[in-house]
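One line per chain: the protein sequences are A and B, in this order. Numbering follows our numbering, with no gaps: position 64 of the first sequence is 64. To get our numbering, take the position in the second sequence, counting from 1, and add 82.
Not one of these hints is a red herring.
Short derived list, chain A residues pointing at chain B, Cβ under 7 Å:
1. Ile47
2. Arg50
3. Ile51
4. Asn55
5. Ala58
6. Val61
7. Arg62
8. Asp65
9. Leu66
10. Glu68
11. Ile69
12. Ala70
Derived DEER-like restraints, expressed as beta-carbon distance ranges:
13. B/Glu225 - A/Lys28: 18 to 26 Å
14. B/Ile107 - A/Ile22: 49 to 57 Å
15. A/Leu4 - B/Glu93: 53 to 61 Å
16. B/Pro228 - A/Gly33: 21 to 29 Å
17. A/Asp17 - B/Pro170: 20 to 28 Å
In short, the hints are calculated from the structure, not lab data. Note that beta-carbon positions come from the ideal geometry of N, C-alpha and C, so glycine has one too.
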Amino acid sequence: MLILTRKIGEGIILGDDIRIAILEIRGKQIRIGIEAPPNIVVLREEIYQRIQEENLRAAGVRDVDLKEIANIWKQKKENEPR
Amino acid sequence: MSLDKQKTPVEPVSTTIATKHFGEIVVREDQIITFTPGLLGFSDLHRYILIEHGQDSPFLWLQCVDDAALAFVVIDPVYVLSDYQIGPINGVKKELDVRNLQDLKVLVILTIPSGRPREMTANLMGPLLVNLANRRGKQLILENSPYSHKHPVLPG
Numbered sequence: 001m002l003i004l005t006r007k008i009g010e011g012i013i014l015g016d017d018i019r020i021a022i023l024e025i026r027g028k029q030i031r032i033g034i035e036a037p038p039n040i041v042v043l044r045e046e047i048y049q050r051i052q053e054e055n056l057r058a059a060g061v062r063d064v065d066l067k068e069i070a071n072i073w074k075q076k077k078e079n080e081p082r
Numbered sequence: 083m084s085l086d087k088q089k090t091p092v093e094p095v096s097t098t099i100a101t102k103h104f105g106e107i108v109v110r111e112d113q114i115i116t117f118t119p120g121l122l123g124f125s126d127l128h129r130y131i132l133i134e135h136g137q138d139s140p141f142l143w144l145q146c147v148d149d150a151a152l153a154f155v156v157i158d159p160v161y162v163l164s165d166y167q168i169g170p171i172n173g174v175k176k177e178l179d180v181r182n183l184q185d186l187k188v189l190v191i192l193t194i195p196s197g198r199p200r201e202m203t204a205n206l207m208g209p210l211l212v213n214l215a216n217r218r219g220k221q222l223i224l225e226n227s228p229y230s231h232k233h234p235v236l237p238g
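Same shape as in the complex, but just chain B:
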């Protein structure tokens, strides 16, 4: 690497990570979202990145940085249920240090059964909240909500 400062502007540190769906990819440190605690069932894994599935596709991959094989498909819940409300968020706002509500991104995890993708469901009971400003995230569990963890997405 050149030491000439003129030619090497300060860039965020990049790491190459292995993934099941995308092979090896380069991610910048400032793209990594840290979930504390980790998602239920994956409490030891904290670092993830979001990857767009493609143009005209509302789906995103939530790829784990520390486990190549672990990736979730997530979506903005507005595509699933237009009036989806996660309820009071004062606690989580504080935890994720949200200073501007526009920085708070809500996503829900999709379960797409193998070979029967039309039976896809959305976990509206356990949404993911991400503060885009500091990239801290958390899976919120809506214990006393009317939402299902298996909300059908496509009409049957």
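Bound conformation, chain A alone:
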């Protein structure tokens, strides 16, 4: 990992089109500004991981389980009052 020291207002450039700036330091919290093109995903790490893990879990669906769910769904629909 590259480690840099920056002051408030200073920035870091990643590649040609991503800029990260240190905006404010308040106690233990640091406000960071990020400028990046729209095709770059910028997310808090924990959110990124949560969605990534959920996508990975969702990718393993089996036919037989979907069939069962579709049947449950159909029964539910039939039992609903019109």
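Fit chain B to the known structure of chain A by using the hints.
Only chain B this time, still in chain A's reference frame:
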């Protein structure tokens, strides 16, 4: 292939792709949805097609064109949460070049645990947006929303 133009009207280019759930299927180029960037965790895979699960079934398969083994089950979120709102979409409208809001399709991915399908959950935090007009898609992450990535679909 015949060169007689009378007998061969212009048709979109078709490709045969391998899939885990459906064997080999033929897809037309104009059915392929391109996700840029790819779904989180699958960033190298961009091309998908939507396949209906069956009549009377609200479920759809989102089958990856470039990886036979990769397929998600997706559903219109209206079946999960009738008042589901993805919030401001100006950014994504621009990115997907949405000219007519009716072209914008929202889908959510379902996680169906193996052998325990009743425990199915919907990822309402990471919906898929697809512009049906140009078939460009994106997984939107609703960071500051009240929605869960594991929203229970069936009552427990």
